[in-house]
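Chemist: What follows is the residue order along each chain.
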Amino acid sequence: MQKKIKCLVWDLDNTLWEGTLAEDQRVTLKEGIPQILETLDQRGILLSIASKNDPRDAMKKLEELGLSQYFIYPQINWNSKADSLQKIAQALNINLDTFAFIDDQAFEREEIHFQLPQVLCIDAENYAALTDMPQLMPRFVTQDSRLRRQMYQSDLKRKKEEEAFQGSSEEFLATLDMHLLIAPVKPGDLERVEELTVRTNQLNSTGYTYDFEQLEGFISSDSHIFLIASLEDRLGTYGKIGLILLEESADFVEIKLLLMSCRVMTRGIGSALLVHIIRLAHEKGKRLRAQFVDTGRNRVMYITYKLMGFAEADEEQEEQEEGSVSILEYRGEALREYPDYLKVEVQEG
Amino acid sequence: MEEIKESIMEFFRMNGKAEGLTNDTDLFKGGYVNSLFALQMVMYLEKTFHIKIKNKEITEKNFKTIDSIAQVVERAQKK
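Protein sequence lines, in the order shown, are assigned to chains A and B.
When you line the first sequence up against the numbering used here, it's residues 1 to 349, in that order.
When you line the second sequence up against the numbering used here, it's residues 1001 to 1079, in that order.
Hints are computed from structural coordinates only; laboratory data are not their basis.
Among these hints, one or two may not hold up.
Computed Cβ-Cβ distance ranges for the label pairs, DEER-style [stated by the list, open to error]:
1. B:R1075 / A:N14: 54 to 62 Å
2. B:E1074 / A:P55: 48 to 56 Å
3. A:H179 / B:S1068: 46 to 54 Å
4. A:V325 / B:K1054: 15 to 23 Å
5. A:Q153 / B:S1068: 37 to 45 Å
6. A:L235 / B:K1029: 26 to 34 Å
7. A:F107 / B:E1074: 25 to 33 Å
8. A:Q153 / B:E1074: 43 to 51 Å
C-beta: ideal position from N, C-alpha, C; glycine also.
Sequences and hints are given; from them, build the entire structure.
Modeler: Here it is as structure tokens:
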């Protein structure tokens, strides 16, 4: 399957518009550009910029053209574009192998191709076909995809507030007035559920993906508990950002899948979801286990489990190879409290 | 051992989290540690001391205080 693109990075001169801004301020947009940007934005593909230009002039021009709101973390400077792409990836916390880059200059594309071979490079000549490229066509467009750019923009506001905040990160989190809702997955959520399982790499305990029928099956299954979490705070909604799949047997509740969008990293959501699961297993009087698959990218999830009181079910077990399943068992206190800075609401099925 | 503790303290300082922190402060109760921070700390320790911290060493107990984290580093150095 072709890798789906999460972020498309644009050059400006002779790519987004005709002409070179530094030479002539009267550049004009290429035909159809506003529609293309709007279409990709609505599909939930993030748009950014890597352009060698004067940042003030270029941003002013984008505002004049009514397009500046589409671009997140634009990099307009005289640095190498490989640097710019890396900066964008870091700011968005998205892996570069889901990036595409469009530029009219062959040497810029070659530089990216050489330094960041995982990035898909597109010749600006082909810009009109962008919206037809399969890599830029997500399988589903959900409410969360349509709002994705705005959600990242609220994140930017949060980051700025956090940087200016005097005090510990927990004190800052308390000022956000976060509200976490945990609810059973409903059939209308399934597209978002699939999107989450496919898109989430770092904060994903197993990386399991399921087809639509399997996901539907978990909703009606008596031996599964299938939950979706949404988060909002005073700066806006984060959307549906977390997923839990539990399998019940006679003695155990087993976590098959626990994942969160990387946008909520450092929000303590992983711990809050685990507290909910620990309580649930306790109410049922069953032991709690979790499957963990080391995908090479999700060490932070392993640490989340371990620091919440999970341990290898088999203590003699040797260090795991990447890709194999290990079983963790909860050995901590029977009941745990949700973090103070978070209001948790649990909706019953 | 003191050097190790100092280097861990330095990591908290770099992250603006050293206020009121001593070697035996409960890092979880004090809200000093979340998983991402713990991951960054593990990577920092591995790089600074040229060690590999085994999964088995990553436990709530071992990461409770700077004292206990320093012991993790010391055990890894002996291997």
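Chemist: For each hint, tell me whether it holds in the structure or not.
Modeler: To see whether the hints hold, each was checked on the structure:
A hinted range of 54 to 62 Å for the beta carbons of B:R1075 and A:N14 is consistent with their spacing of about 59 Å. At about 49 Å, the beta-carbon gap between B:E1074 and A:P55 stays in the expected band of 48 to 56 Å. Between A:H179 and B:S1068 the beta carbons are some 34 Å apart, a value that contradicts the proposed interval 46 to 54 Å. In this structure the supplied range 15 to 23 Å holds for A:V325 paired with B:K1054, their Cβ-Cβ distance being about 18 Å.
The given range of 37 to 45 Å is respected by A:Q153 and B:S1068, whose C-beta atoms sit roughly 41 Å from each other. For A:L235 paired with B:K1029, a C-beta distance near 28 Å keeps the hint of 26 to 34 Å intact. The given range of 25 to 33 Å is broken by A:F107 and B:E1074, whose C-beta atoms sit roughly 52 Å from each other. Take A:Q153 and B:E1074: their Cβ atoms lie about 46 Å apart, and the range 43 to 51 Å holds.
Figure legend: structure checked against the earlier numbered hints; hints not met, in rising order: 3 and 7.
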